[in-house]
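Enquirer: Using the hints, position chains B, C and D against chain A.
If you read the sequences in order, they're chains A, B, C and D.
Just so we're aligned, residue 1 is where the first sequence starts under our numbering, counting upward by one.
Just so we're aligned, residue 1 is where the second sequence starts under our numbering, counting upward by one.
Just so we're aligned, residue 1 is where the third sequence starts under our numbering, counting upward by one.
Just so we're aligned, residue 1 is where the fourth sequence starts under our numbering, counting upward by one.
If you're looking for bench data, these hints aren't it; they were derived computationally from the structure.
Computed from a predicted model, the values in this text were never measured in an experiment.
Hints are not guaranteed to be accurate.
In this list, chains with the same sequence are indistinguishable; a pair is considered to hold if it fits within one copy or across any two.
Derived lysine-lysine pairs resembling DSS-like cross-links, with alpha carbons at most 27 angstroms apart [to be verified]:
(1) LYS32 to LYS121
(2) LYS32 to LYS10
(3) LYS10 to LYS111
(4) LYS117 to LYS32
(5) LYS121 to LYS10
(6) LYS111 to LYS121
(7) LYS32 to LYS111
Each chain, letter by letter, is given below.
Number of protein chains: 4
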Amino acid sequence: MSDMMAFGRKILSEQPFSVALGAELTVFEESKAELTLALREDHLQQNGFAHGGVVSYLADNALTFAGGSVLGPVLTLEMKINYVRPATGDRLVARAEVLSAGRTQAVCQCKVFAVSKDSEKLCAVAQGTVMIASR
Amino acid sequence: MSDMMAFGRKILSEQPFSVALGAELTVFEESKAELTLALREDHLQQNGFAHGGVVSYLADNALTFAGGSVLGPVLTLEMKINYVRPATGDRLVARAEVLSAGRTQAVCQCKVFAVSKDSEKLCAVAQGTVMIASR
Amino acid sequence: MSDMMAFGRKILSEQPFSVALGAELTVFEESKAELTLALREDHLQQNGFAHGGVVSYLADNALTFAGGSVLGPVLTLEMKINYVRPATGDRLVARAEVLSAGRTQAVCQCKVFAVSKDSEKLCAVAQGTVMIASR
Amino acid sequence: MSDMMAFGRKILSEQPFSVALGAELTVFEESKAELTLALREDHLQQNGFAHGGVVSYLADNALTFAGGSVLGPVLTLEMKINYVRPATGDRLVARAEVLSAGRTQAVCQCKVFAVSKDSEKLCAVAQGTVMIASR
Chain A
1 MSDMMAFGRK ILSEQPFSVA LGAELTVFEE SKAELTLALR EDHLQQNGFA HGGVVSYLAD
61 NALTFAGGSV LGPVLTLEMK INYVRPATGD RLVARAEVLS AGRTQAVCQC KVFAVSKDSE
121 KLCAVAQGTV MIASR
Chain B
1 MSDMMAFGRK ILSEQPFSVA LGAELTVFEE SKAELTLALR EDHLQQNGFA HGGVVSYLAD
61 NALTFAGGSV LGPVLTLEMK INYVRPATGD RLVARAEVLS AGRTQAVCQC KVFAVSKDSE
121 KLCAVAQGTV MIASR
Chain C
1 MSDMMAFGRK ILSEQPFSVA LGAELTVFEE SKAELTLALR EDHLQQNGFA HGGVVSYLAD
61 NALTFAGGSV LGPVLTLEMK INYVRPATGD RLVARAEVLS AGRTQAVCQC KVFAVSKDSE
121 KLCAVAQGTV MIASR
Chain D
1 MSDMMAFGRK ILSEQPFSVA LGAELTVFEE SKAELTLALR EDHLQQNGFA HGGVVSYLAD
61 NALTFAGGSV LGPVLTLEMK INYVRPATGD RLVARAEVLS AGRTQAVCQC KVFAVSKDSE
121 KLCAVAQGTV MIASR
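With the rest of the complex left out, here is chain A (with noise of 0.2 angstroms):
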C-alpha cells in the first residue's frame, strides 16, 4: 500500500459516519480517489434500493478525498448529484477525480456506479467544488 493510500484509509477510519457506514477508500491517487461500499441492509430505502443519501454519501466524500488528494486537507463547499439508475446490486463505487484546482479550491466530478457480479452500471453523476479546509 502506498503511504498516500495508507494516509487516505487513516483519514477515513477517522470519520466515525464513514465507519459506521462501511465505507472503503479502495484507489486514492493524486487527482482521483474510489469509496466502495459492500450494500447492506441498513444502506435501503423502502424499496429496497440503496437510499440516495446513501449515494450522496460517497459522492460527496469521494469528491472531498479527490480533492484533498490534490490540496490537502479540505471541506465540501457545494456539490450537485443527478441519481440517473436505482442504486442496487452487491456494491457501490464511487469514482471521482479532480477537473480543476487553484491554490485554494478544485472542482471535482465523481461517478457512482451499482456493481453486481457481472455488471458495473452507471447510477449518479455529481459535480462539486472543495475548499482547503483553513478558510
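Expert: For chains B, C and D alone, coordinates are given in the frame of chain A:
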C-alpha cells in the same frame, strides 16, 4: 397526529437507512416537510462536525417528502447542496418546501439548521427535483 | 436613487453583455438585487419562449449583484438553476437574495419570474456561490 | 455535412438568441454536441472576460443539443455550472456529451473551453438534465 403525518412516519419507518440514522419526521403537510436528527457520535466526521453525507441525506430526504406531499410517491432526480457552516449542535433540522409543482415533477428547496439549546444556525441549503415514482 | 443603486447601475452599464441584452437593475439593497429584462425577439428560442441562456444570464447576474451587495466586487463561482415553467410574457424579473454570507463567499438564491400585464409566474429558481474577486 | 449536422444547424438558426450571440454548432453526433462562439465585445463583462451568462448560455445550449441528439426535441430541466477560470481568448468552445439517457430524460455533461491561437483552457464545467419537449 394527522393522517398525513402518520402516513409519512410509516414511510420513513420503512426506510432502513433513515431508521439506522435515527431521523424523525417532525412536520409533514401539503408542500412542506421537516426532518429532525438528534446528532450522535456515528454521524460525525473526523473534525467533530456532522458529516456532509449526513447533512445531504437529510436534505435529500426532506426534499423527497416535501415533493411527495403534493405528488404522492416520488424519487429524487437530482439535488444541489451548499454547505454554508459546520453542522454542529444537538440536532439537525431539515425544512423543505415545494417551490413549483407540475403534474409529474416538483422543484423543492430545503434549508438545514444546526440546533442547540439556544441557537439555530443555517448550515446548508439545497434545491432539487423529485419525480413521481412510476417513471 | 440611492447611492447604492447608482453604483449598481454604473457597474451594470459597464457590462457590455448586460447592455446588449437590455437588463436593468431595479432593486439593489443590502442582501438583495433585482434585475428586469423587457423581452425582445432576440431573447427567444425557436419555440417563442425566452432562451434558457437568457434566464440563466439573469439569474447568474442577479446572484452576483446580491452577493456583491454584502461582499463588494465578486465573481460567481458556481450556480444551479431549475427551469420550472416556460419564460414568456412582457418581461423577466430576477430577484436574488443572500442566504448566507461569510467573509469571502456568499450563497445566494434567485427566483426568476415571467411577468405580463396581469400575471407573474415563477419560471426558474437558482442557487449559487459568489466569492470576492481578489481570489 | 451530415444530415444530422444540417438538422442541428437549422434548429440553431431558428433560435433568435443563439443567432444574436453568434453561436455555431461545430459538432453534432449521437450523444455529442459542440458549440463554438467567437468572442465579441458585446459578450464581455466589465473586467474584459466573457460574461458568466454567455458561458452558461453556451453550456445550457450544448447540453440541450447533446441530449436532443439521442432523445429528439428536448427542454433543459436544470443545470449546474462551475466557473473554474476566466473565460477569455478568441473563442469559447462548449463540448457536451450524454452521460446517461432514459426514455424521456438524459443527464449530460459539458465542458467549456477558452481557446486562443495556442492554448485551450477549461473555463467551466456543467451538468444538467434534459427532457423530451412534449411533457
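Enquirer: Decide, hint by hint, whether the structure agrees.
Expert: Okay, the hints, checked on the actual structure:
In the homo-oligomer, the alpha carbons of LYS32 and LYS121 lie at most 27 angstroms apart both inside one protomer (20 angstroms) and across protomers (20 angstroms), since each shortest distance falls under that limit. With identical chains, the CA atoms of LYS32 and LYS10 are at most 27 angstroms apart within one copy only, with a shortest distance of 17 angstroms there and 40 angstroms across copies. In this homomeric assembly, LYS10 and LYS111 come within 27 angstroms of each other (Cα to Cα) only inside a single copy, at 23 angstroms, whereas the closest approach across copies is 32 angstroms. With identical chains, the CA atoms of LYS117 and LYS32 are at most 27 angstroms apart within one copy only, with a shortest distance of 24 angstroms there and 31 angstroms across copies.
In the homo-oligomer, the alpha carbons of LYS121 and LYS10 never lie at most 27 angstroms apart, since the shortest distance is 29 angstroms inside one protomer and 31 angstroms across protomers. Taking identical chains as interchangeable, the C-alpha atoms of LYS111 and LYS121 lie at most 27 angstroms apart whether they share a chain (10 angstroms) or sit on different chains (23 angstroms). Taking CA atoms no more than 27 angstroms apart as the test, LYS32 paired with LYS111 passes in both settings, with 12 angstroms inside one copy and 19 angstroms between copies.
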